[in-house]
Every structure is written in structure tokens, then in C-alpha cells.
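Novice: Chains as they are written, first to last, in my numbering: chain A, 10 to 449; chain B, 321 to 1025.
Careful, some of the hints might be misleading.
Claimed, not checked - Sample of chain B residues with no beta-carbon within 12 Å of chain A, all distances over it, derived:
{"hint": "1", "residue": "D692"}
{"hint": "2", "residue": "R696"}
{"hint": "3", "residue": "K700"}
{"hint": "4", "residue": "T727"}
{"hint": "5", "residue": "S779"}
{"hint": "6", "residue": "N794"}
{"hint": "7", "residue": "Q823"}
{"hint": "8", "residue": "D867"}
{"hint": "9", "residue": "V919"}
{"hint": "10", "residue": "C924"}
{"hint": "11", "residue": "A928"}
{"hint": "12", "residue": "R954"}
{"hint": "13", "residue": "D971"}
As the list claims (entries may be wrong) - With a straight-line Cα cutoff of 30 Å, these simulated DSSO-like cross-link-like pairs (lysine-lysine) come out:
{"hint": "14", "chain 1": "B", "residue 1": "K1023", "chain 2": "A", "residue 2": "K281"}
{"hint": "15", "chain 1": "A", "residue 1": "K129", "chain 2": "B", "residue 2": "K502"}
{"hint": "16", "chain 1": "A", "residue 1": "K226", "chain 2": "B", "residue 2": "K633"}
{"hint": "17", "chain 1": "B", "residue 1": "K652", "chain 2": "A", "residue 2": "K226"}
{"hint": "18", "chain 1": "B", "residue 1": "K502", "chain 2": "A", "residue 2": "K141"}
{"hint": "19", "chain 1": "B", "residue 1": "K926", "chain 2": "A", "residue 2": "K181"}
{"hint": "20", "chain 1": "A", "residue 1": "K141", "chain 2": "B", "residue 2": "K860"}
{"hint": "21", "chain 1": "A", "residue 1": "K216", "chain 2": "B", "residue 2": "K652"}
{"hint": "22", "chain 1": "B", "residue 1": "K502", "chain 2": "A", "residue 2": "K313"}
{"hint": "23", "chain 1": "B", "residue 1": "K1023", "chain 2": "A", "residue 2": "K179"}
Unchecked claim - Reference listing, derived: stretches of chain B covered by chain A, where coverage requires no fewer than 3 residues with Cβ under 8 Å from a Cβ of chain A:
{"hint": "24", "region": "488-498"}
{"hint": "25", "region": "638-645"}
{"hint": "26", "region": "674-686"}
{"hint": "27", "region": "762-770"}
{"hint": "28", "region": "976-984"}
{"hint": "29", "region": "995-1005"}
Calculated directly from the structure, the hints in this document are not laboratory data.
Ideal Cβ placement from N, Cα and C applies to all residues, glycine included.
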Amino acid sequence: MDAAMQILRCRLYDPRASPVFASAEENRRKLYDLFRHTICQACNNSALLLGPRGCAPNVGARARFERNPGDFSGSNFDRREDLLFVISPLKLLFCCFRSQVRLNGLLHADDRSALKEIAKQLCVEHELEFSKAASFEENLRFLTVILEQFSLSHKALVLVLDEFDLFAQKPKQSLLYNLLDLLQSPSSQAAVIGISCRLDADQLLEKRVRSRFSQRKILFLPPPSEEITRFLEAVLVIPVDSSANLAQHANAFNAKISAWLQMETTKELVNKLAALDSSPRNIIDSVFRNLLDYLKNTKSTTPKHPPTICALADLSVLELFLLTSMKRLENKERDTYTFNSVFKEYQDGYKSSDSYSKKAAYKAFEHLLERELIGYSDGRAVSTLSHLRPVKMLISFEELEQGLEASPICPATLRQWYSQPGDLSMFSLITFSWNVSAEA
Amino acid sequence: RSVKRDLGFSPVLPRARSRRKSRDGDRKYVSRIEWNDGVFEVGEDVYVRKLESAERDESDEEVEDCRVCGKVGGEVMIECDACLGGFHLGCLEPPLEEVPGGDWICFKCEKKEAVGEEPSRRRHRTARERLLAKELWAARIERLWMEADGSPWFSGRWYLVPEETASGRQPHNGSRELFRTKHVDHNEVESILRHCYVFSPEDFSKASNEGDDVFYCEYDYEMKWHTFKRIVDLADHDFEEHEESKASNKKRRSSTPNKTPNKTPKRKVNVGFTMQKFFILLYQSHTEVTGSEVLRRKIFPEDSGKDLTEIEKAKIALSLSTTPGSLPCREKECKEIEAFVTDALKEGLENLGKCLYISGVPGTGKTATVLDVMRRMEKKLSTKEIQPYRFVAMNGLRLTSPEQTYTVLHEALTGQRLSWKRALQLLDERFSNCKSLGGVDSRPCILLVDELDLLVTRSQSVLYNLFDWPCRPNSRLMVIGIANTIDLPERLLPRIASRMGLQRVSFSPYSYIQLQEIISFRLSGTEAFEKAAVEFASRKVAAVSGDARRALELCRRAAELAECRQKSGDLEESNTRLIGMADVEAAVTEMFQAPHVQVAMRMCSKHAKIFLVAMVYEYHRTGMVETTFDQVSRAQSLLCSNNGEQPPDKDVLLSIGCKLGECRLLLCETGSRHRLQKLQLNFPSDDVSFALRDCLDLPWITKYL
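The shape of chain A in the complex, shown without the other chains:
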């Protein structure tokens, strides 16, 4: 049981272990060739892996490395024993001739710290002492020296730059220039792999950097919708073991899974997913809940409304009134409005003595701002008077209408007011004030 859980957990949460789509397999082979050339033939390579988030390069790059698990410095595996088990000599080769450095564009503020990080990772891997105070120049020289040593011992260095576009957006691009320039020297053996979700990432490079980059781009894309079911099956079905006791459980589980996959609701869900976003990460995230409900025989707890409508349904009456006033103002073709004009509209529409005070309305207005249902449209700092700053509604009319429908406390008069162009009639005012007082 534990083993099965372990397998599933791995597949679901560890991108390295998750199965790969057929379309990604092609990319995988390309990457494999690229590394093979770097490692066995001492060809320095650079490549960009592009593709939308979630489906993607990241998984690809890691899946690549997963094939060559033991790291040279970390593992003390016995080579002879390995030889018996490892069929492909390449696999063996990858194990011991590779060293890897990973960087992420989001983590390193500038080229200096990024280069420092490279030096640090290399130092940690090879148990060298890392000096924090080393400058950009010194770190660069260190990298050159260590690459020289690497190539003397036929060891390749793989540099993976995650969020490549962010590195390319740094001024001067000195890190990229230097890394790619190192690839040109005969005394180094390395590959630089950039990962980015921007399809135009290579256009960001400066001319001299682009000239050094090898222009290899590998595109990772979400799988076509037909493959999703197959993918789910690959993720969820447990391999059946030989021992009888476990096999029984596994078979039972697998049967359940295949029954679930055949269900209409599941198919519907998969189709919906394919229509919206079919990246593996998204699929796993959204299918998992449904599967759990099925396995535990519980009712699904998915919310009835989309999040914005839920947010609207939770609002107080006064807040709904303010939103409706805004909508009415927009209908009157007033492009911008301030809190004051919104409050005036509210007062005009609701001419009664027990209307809310301006202070209360302002509180409600602030609350709406906090929930990002409305927003200041001038986008400047807080310095000006907030009562007079232009605001805009951030939700559409349809959403507001649905929200009014969904709200349990929305008075009928408000709905009426929403749909009517003019002021509220005397009659509806009375009923409305009655409603409000009843709620209070």
C-alpha cells in the first residue's frame, strides 16, 4: 500500500517522475542528443527551451537529468556493478562526466549575484571553499579555471538558466555574454540551457550575445486533447507486482481508476480542461480533486459560482448599491467617476432619510477597493485626495448582474434599480427602506 502511495505521490508531485507525453518525447530525444554531443564529443552547445508554463521545459529538462541520476561528486556508486545493470553506455557516461549548475532569473537580482551563485554551487559540489567577497571578475576567472580543469578530466558542465528572459533583460547581459563566450574557448566543455516561457526570448538578446548563441530552440507545448486520457492513465495506474497480496489491491485500484476514466463526468471534465488549459500541471491539479471525491464516494465540493461572482455575493447591501451606482454612471456615459460622484448618484437614486451616511459609504468604498472589485484608474500614488480620485469598476456588467442574483441579501428594489434607467419610484423606495430596516 505504502509503495503504491509512494509511486502515485511521486508521479503527481514530482515533475521528474511524471510520465511524458508522446509529443514531448521528441523534444526529449533532441535534448538527449545535445547533451550527448557535449559530453562525449566535447562540442559546446547552447539551447533555449521555450513553452508555456506548466507543461513544460522545466519538466523536460528535469526529465532529462532524471535519466542520469547519480551525480559524480555525490554518489559513490560502484562502476562495475553499475555496468551490469546499465545497458546504455551513455547512461554511465552521463553519470560521471557531468556537473550541473542551476540558476533562476527570479532569484538573482543582477549578473554579479548570479555569477556568484554559479561559483557557489560549483564550490559546494566539489568541496572547495567559497569566498563571499569575490568580485564579478574573480568569479569569472574562477569559472574559467574550473572549466579548464573540467575539460582536462573530461567532465562536462551543464548550466541551466531558468527564466532565461529575465537574465536577458538585465542591463549589459554580461552574464550571458560571458557564459556563451566561454563556450567558444577550446578549453571548456559545457552546455548552456536557457528555459523561458517567452516565445520571443531569443529576440531579447543583444547582437553580440545573439551571435554567440547557437540559435537552437526547442519548443515545448501542451499535449493535444486526445492524449490527456492516456496521460491520466499513465499517471494513475499502478504497476501490478508479482506478490499475490499486493497484486490484488493493485488490480482493484486499477479497475476503479479505469471505471472512473470511463465515467461521463470524467470525460466531460477532461474535455473542459482541454478547452481551457491542457498543461500537465493544470490537469493534475484539477482532476485530482474529482478523483478523490470519486474514490471516497463524497459529493463534489466545487463552488457553484466562479470566484468573482462569489465575491460579489458576499458583499453588503451598501456595497452593492455603490457598484450599481457606478454601473448607472457608466450607462450615462460618464467615463470616469470619483467617490463623490458615485455617492451623489446613490443619494439621488435613494432619496430617503435613512440612507447611509457618507462616512459609512466611504468605508464600503474602501472595502471594494481592497477586494479589487473597483480600482483607481489614474494609477498614481496616494498623495491626492482619495475622495476625488477617478475610479473604475473592474468587473463587467454581466458579472455584477449575476452577483446581484446570487446575493442572498440583495433587496428587490436594488435589482429593479439596476435594470431601470431612471430614479426609483416612490413605491419601490418604501419597500426598499422597509427591507433595509428589516435587515438592520
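Assemble chain B onto chain A, guided by the hints.
Specialist: Chain B alone, transformed into the frame defined by chain A:
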């Protein structure tokens, strides 16, 4: 090898030279060797005998005798910081009780007596003294191996004493300072005298009691150019301690606790190069694999083995890291630069043309040409056609800041690392009156600055100084600047432009004929490529950029594709052996075109496609490039409801839009702007129509395009 002869390195035994050629495969690499009662490990420092005969008659003393009584050992000794002579504490006048802190100068040096004259009796000389007197060498063992006949060998990287460098001993050199060279020689272990210990300056200052054979080394010395380079930090302290404990087992000689070299600049950075462990790590892996099938497959650019296929050979020849023997198609520029350098080197020529500005787009061989010229000059230098000179190269993008130029230049010239302000001051003095300097310092110096445009600061003072120095009388400095833009001098202040813009060489992009020549030159010796394929590739690149790197990469990619094709094995075609037009074509499409956008659009989810179409629809309706999310969502629901699709929620739609924006299919503001978010297609709307024209899951979409 010629350099080696100049410096007088010669292997100890006559057998050495013949042995050089023995193949790697016959050797058995080991990490330690026991020989003549000594254990030598990779990464250790040793004394190496210069001549076999010279060594015998002097006893191998590890301990120095007292300069006063002449006896060895016994009491605690103290070392003079000036002459390095040893004294018993008791033999001094007045006798010292304990070793004093700080520098201690012996009475002889205080009286400024000449040290060497006095002893009539023959003194024992320690290995340290003999090394400093250039009678021994020091080297670091980089590899150890047993030859096929069982004799142990090592390859050692030489150290130099300051006197052996071109600039001689300088005032800031410490008395125990050594310089590491790049020069590695193979010798028999027989020639090793015994261990010595070379530390980084910091460890050296910490270590006070390791005996007489301690040295420190802070710089690499480039023998070709007589320049110094700081050694980068690869220190490993665990190993160090191990070594220290070993050293302490030996006979101790108590000397002054303060051996800190007098002028080592204080730096926080831990510089050093004790790479022992590192080397061991690497070479173990190396030796383990020797002989296995894996390593044999490994290809080195310099030796093209016989078992390589034609395509593999071609790939190696085409890779950017291979340095070709010469550069075709740049003969004219080469001549110009060579003429400039030769002119500038002529002594007594007080012209102002000592700056050269080289411009050209990337990948046109600017740096390669200059380096090639320098190689030729080096050859001329060895035949004494021109006077000796120094060469310093730097790259603007490798510097921490533009001001760092001064530090690097000063360090390269003198081997002293200073802050840039101080370095600027000293350089300024140096170039104002170069005549006053003697020896190697008076040689002309050629400075190559790559990526010159990176040195532009707000006040442009770095560039001004760089180009002002050569114009001063007697500065003997010439500057070659390389940058991409042709009009860099014009963009700078007039006072810089007038100095640097006098002589220029501009590298134009390669034409297709030149590219073809370059590729064929690299490929000479292999028949992997069809002629037409090479021409096609070079025409293609020349039409776009004329970038040689691009052309080489393109051909390499084509070779890879051909290799792939051959492996997958449609061997029935007669022509598959060669890399043909089809492969180049495939490589071109892969590299030059950006099919990504269309492929990515085709692979989008259904609603993302509708989103894109809605954008196009809005664009056609309003004629405005920029629209808001509000409008697009309205168009989207219109499209959906007209064609029987369930329109997605606004929230989902917003996230779809943001995802498209993330891939840069759209340009958009942040998603928190919701309805007000501004959107714009990142490419012509025709691309959308083209990509989605015959889309299977949305047949109705065509009518909106």
C-alpha cells in the same frame, strides 16, 4: 617549447624527450607514488633538481646553520626578515630570551653589511637558498603515472622565483614569493629532491612553523607576455590542515613568527590555489576511466582519430571552440593591423597614431584577427625581428565596473593589485615618464580592449585616460580597441574622438563567397559536405547577417541532422553519406524562421484560440491595435454564443489571456487590471489567420478571419 628553452628549463634526464611521445594509453595514472623514501602525491609541491651532478656534492640539509656559530640545530633559531639568515637566540648580542613579535632584522643587516662575504668556512646551504639562487626548481605535481617500463613520472607545473621573471625582483615581492607559470613539463620522479610547501598568501601568513621550505604564491606569470595574473581561489582547507600536520612531523625550525611579506596587499578575498583535493578528484576520475571504451570515443579537436566518421570530423572542425590555423578572408585587415603594430613598436617613432579602433558587427572575426596578428608577432619576436614588447588583453564585459580597467592593467604590468584610484595614479605616473623605468618596464606595451563600448562612463574618463596615455611622449603604450558600432568615436566627446579615431579598421560582414571559403577551409580534410550545401548555407547566412559564427553553427546543426538521419537508417539512398542540401535546408528552417508562434498558436487550447480570434475580430472591427479585456471578452462571448460553444467564465478567460501574454503571443498589462487590462497582438494578425485557418476542433473559426 621555445619559451621553455629561453628560460632554461631542461629535463633532468636525457631520456625525457623521447619519452614524451608515448601514448596516454600505456601509462598507468596513480595519485601517489613512493620513491626514494618519499611519498609524492598529486597536488604537492616539490623541489626539482636542475642538474644531476650539481646535487650530489652538497648535502641535503633541511635545517639551516647559525650564521654566528655555524652549528646546526640545538637551540631555537630566529630568522632575519631582510637576509633570511638564521641565528640562534643565544648567539645574538645581546642574547634574546624569546622570539620577538614583528619584524626582526639581524645586526648585520642593521649595519648594512654585505651578507655574503664573511663566512670563510663553507656553509651548508638549504634547499630554499638554492632555490632562491636559481639552483633548484620548484614545481607542483599535477599528475603522476607509471610508464610502461615501470618508471615513475610526473608532470609538474613550474614555479619561478621573482628573479626569473622578466621584471626581476621588485620591491613589493616578498622574500619567499614564487610565481606560478602555465608551463607544464614531464619529468621522472627521480629528479624530485623533496617536498616544499607553497601556500596562498593568506595561508602563508597563518602558517608560521612549517620549516624552511615554505613559500607563497599569489600570481600566475604569463611567460609569453611577461604579465601577471592573480590566482583564483580554489582553496580547500581540510586538505591544508592535513598537509600542515604532515609538515609539523618534520624537524621544526622556529623562526620569526611574522613572515608576512612586507607588501602583500591586504584583501578580504581568500585567494589561493591549493587545488590538491580538486586535482585528485578530477584525476582519479580520469585515471579510472582510462582505457575504457567510453574515453576512446571522446574526441579532442587536436587529434582527429581514425575511428571518427566523416561527419564527426566535420562537426569538430565546425565547432566554435576549434581554433583554425589561420583566418581566411581577412588578409587585408590582418595586414593593416600588423602594420600598425609593427609601426608602433618601432622605437623613437613619436607619432600620435598609437591608437587603433576596430569596428564591425559580431561574428566577423575582429578579436580572432587581432589575436592571430599577435601570434605572428610572437613568432617574429622569437626570431628577433622586432624588439620585445608586452601584451595585455582585457574585455569590457568581464570587468566588474569600467574603472576596474585601471586595476587590471596595473596588475598585469606589475603584478600588484591595487584599488582603481591608486592604480590610476600609478599608471598615470608611469605613462608620463616611461623612460625613467628600466628593464622590462621600458618595453612597449600593447593593450587590447575588447567590447570597448562597455567602458563608456558618464564622464567618459576611463576612455579618455586609455586613449590619452598613448599620446603622451615616451609612454610606449598602444591601445587597440574593439567594438561593434562603426561610429563609436563620433558618439564620444570630441577630445576622445580626436585621439582614438585616427586609425581605424572596419570589418565588414562576410559575403557569401567569403563564408563559403571559411567553411571549406575548416572542412578541408573531410568530405562530409556537398559543395552545393556549403554554398547554400553561406548564401543564407550572408543574406541575413554575414556572421561567421552563425554560418558555422548552421553547418554544424546540419551535420547533426545528417547524423541523426543516418542513424535512423535509410541507407538505401546512395547519397546519404554526405551532408546535402536537404539537411542544410532543415537546419535553416530550424534556426532562422520563427515557426514557433504559429506552432504555439496551433497547439493552444480551444478557448485560447477563440481568444486570439476575438482579438483579430476586434482589431478588424475597430481598426485599433490596442483593445481592452472588456471588449475582447464581449467579442469572445459573441463568437461562442453564435457558434454553440459554452462561453467560459470571465475569471477563466482572464487567466487564459494572461497565459497568452506570458508567452508573448499577446502584449498585455497585469491581470489585476481586470476589465481595464490593455491587450495587443504581438505579431501581425495575418499570422493568426494563417495558423488557425484549418483548425480541426473549431471549423467555424475560419469565417471570422
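Novice: Hint by hint, where does the structure go against what was stated? Just the numbers, ascending.
Specialist: 4, 8, 9, 10, 11, 12, 13, 17, 19, 20, 22, 23, 24, 27
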